[in-house]
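Those sequence lines, one after another, are chains A and B. Under this note's numbering, think of the first position of the first sequence as 1, with each following residue one higher. Under this note's numbering, think of the first position of the second sequence as 298, with each following residue one higher.
Simulated from the structure, these hints should not be mistaken for lab results. For every residue, glycine included, the Cβ atom is placed at its ideal position computed from N, Cα and C. Be aware that one or more of the hints could be misleading.
Claimed, not checked - Just a few of them, taken from the derived set where beta-carbon distance is under 7 Å, the chain A residues facing chain B:
#, residue
1, P122
2, P136
3, L138
4, A233
To be verified - Distance condition first, Cα-Cα at most 20 Å in a straight line; then the derived SDA-like pairs of lysine to any residue:
#, chain 1, residue 1, chain 2, residue 2
5, A, K65, B, K380
6, A, K108, A, L195
7, B, K431, A, S184
Spelled out, the chains give:
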Amino acid sequence: MKKINFNKIEDKILEFLFFLSGFFVILALSGIFLLVLKTALQALKNIPISEFLFKFYWNPTSYTKPTYGMLSMIMGTFIITFFALLFAIPIGIASAIFISEIASHKFKEFIKPIIELLAAIPSVVLGFFGIVVLGPYLAKIFNLNTGLNALNGSILVSIIALPTIISISEDALNRVPKSYEEASYALGATKFQTLLKIKIPSAMSGIISGCLLGMGRIIGETMTVLMAAGCAASIPKSIFDPVRPMTATIAIELGEVAFNTDHYYALFVVGLVLFIITFIINLIADMILYKYQHSRR
Amino acid sequence: MKVKTIISLILTLFAGVTILQSQQMLKVKGSDTMVNLVQALAESYMEKYPEKVISVSGGGSGTGIASIINRQCDIANSSREIKTKEVFQAKQNGLDPLQIPIAIDALAIVVNPNNPVKKLTVEEVGAIYAGKIKNWKEVGGPNKPITLYGRQPNSGTYDFMKDVVIKGDYSKEMREMNGTSQIVEALKTDISGIGYVGVGYLRDAGNEISPVEIARKKGEKYYDPLNVQDVLNGNYPITRALYQIVDKKQINKNKEVKNFLKFELSEDGQKIVEEMGFYRLAGKYLEMKNKLGLGF
Chain A
1 MKKINFNKIE
11 DKILEFLFFL
21 SGFFVILALS
31 GIFLLVLKTA
41 LQALKNIPIS
51 EFLFKFYWNP
61 TSYTKPTYGM
71 LSMIMGTFII
81 TFFALLFAIP
91 IGIASAIFIS
101 EIASHKFKEF
111 IKPIIELLAA
121 IPSVVLGFFG
131 IVVLGPYLAK
141 IFNLNTGLNA
151 LNGSILVSII
161 ALPTIISISE
171 DALNRVPKSY
181 EEASYALGAT
191 KFQTLLKIKI
201 PSAMSGIISG
211 CLLGMGRIIG
221 ETMTVLMAAG
231 CAASIPKSIF
241 DPVRPMTATI
251 AIELGEVAFN
261 TDHYYALFVV
271 GLVLFIITFI
281 INLIADMILY
291 KYQHSRR
Chain B
298 MKVKTIISLI
308 LTLFAGVTIL
318 QSQQMLKVKG
328 SDTMVNLVQA
338 LAESYMEKYP
348 EKVISVSGGG
358 SGTGIASIIN
368 RQCDIANSSR
378 EIKTKEVFQA
388 KQNGLDPLQI
398 PIAIDALAIV
408 VNPNNPVKKL
418 TVEEVGAIYA
428 GKIKNWKEVG
438 GPNKPITLYG
448 RQPNSGTYDF
458 MKDVVIKGDY
468 SKEMREMNGT
478 SQIVEALKTD
488 ISGIGYVGVG
498 YLRDAGNEIS
508 PVEIARKKGE
518 KYYDPLNVQD
528 VLNGNYPITR
538 ALYQIVDKKQ
548 INKNKEVKNF
558 LKFELSEDGQ
568 KIVEEMGFYR
578 LAGKYLEMKN
588 KLGLGF
């Protein structure tokens, strides 16, 4: 008689369970995407796509004629993202280098949880901080009427992106094989030279993908920008102008909009555009990360 | 032995169910202008009847009305009248919406206390918010650009200003703030700012922001939103009722809804309205309520 191999059955069951959970994630993602896409397409029946993409002003509750131009909010999103990255990337990479190369082991153990704690600050708290503390402070420094502007929003969301950038970059630096470093020292390079010429270039793809993932966080951030960035539907001309990014528009309007109206469908178009942008950024980040992990083998 | 256990189990279950039933919660949602007011009313009501539970949340008048249409709350607070579109949607969902005025609000136009401009006409306020007047010097102030603060589109106050005062679109430059207290917070530090808040918020804001006096037209008398008489007899030009919207069928079916409404409109309730810085029902709004034939 053939003996049943219980180990094999157990393996199969576990395998199936893991497959199921993985499958569930894919199902959830594609479900959300299809829902957004389907609802967004409804809007395009009544509103031409050129209105969304080439007109500036978004005012679906207009007193006279509703307009659905997305350009001003796309510009808002990009201004916030650009300046937030301008702050977050140098600080993030520098902190990663400090933690991985310079800090003592003890200090490292101390500072790492603190950086992770940064990610735990609720965005609504950051937004409140922007209104009450950072806003008036910026107004004083730059001699403005008010500090509720794109600069305020950028600084705050850069704080949100920092933990992602720091931990992924630090990880990338740590993954650089010890032999590279040793070879560099053996050739007489100083610690600084080794860091700049060997370690950072070797970890570059990891650092870049960390920055891209941080960028994804910034683009998707809602509450902080909604509160601190001024939230005006105008076209921003400088960093001191108020902006209303795409996320804020959806958050503000989706709660009150009447179901199955043009306005409702139009908000899903905004959601779709946002989804596509973040999806592309995450995809690029993943591709870079994948390439870098596989070139090491 | 076994039977005993089963019986006691069933009894506990019953007890649990009755507790759950008596703890049925009344959900009130909507206008941010009204959230503190209705919260105070609910607290006083719950003090009187400790077995009752009422939860009050904000989110804006539009949000409140949308959620009563979707049957996610029992009473919607609204600082504007229900729109025909919303009535239509409610009817489609099998609701018969009824709007009941519970208090009067004077919409105060507020500025930083250091702003020398203390008087404006309704037209000037409208032109400022439409972006036609951009500098304080055009209304007798210093040569400084005006920073506009307003509410977000889910706010009833936002709609009220647009429909009644501006009669047109808001300026694109207006900063849309997430709730009245954020407007107050911004105006505390911005000397050249202007905002609009329900009069109830002036009570808490103290001297940190100051309301301007408003006249209907140039040459007419200016009135202060904090003067009870002028608001109640309609001299102050920007007044409105604060409403609660319920499903008419629920008033008779659901005793909780009826009792709470009754309390709000009672002498005790109206006193709380005044304590919270708003005004009790009077004049045309009192008539409007009496015409509804609620019987209280």
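Checked hints:
no.	hint	result
1	P122	15 Å, violated
2	P136	4 Å, holds
3	L138	11 Å, violated
4	A233	5 Å, holds
5	K65/A / K380/B	17 Å, holds
6	K108/A / L195/A	18 Å, holds
7	K431/B / S184/A	64 Å, violated
Hint violations for this structure: numbers 1, 3 and 7, all remaining hints satisfied.
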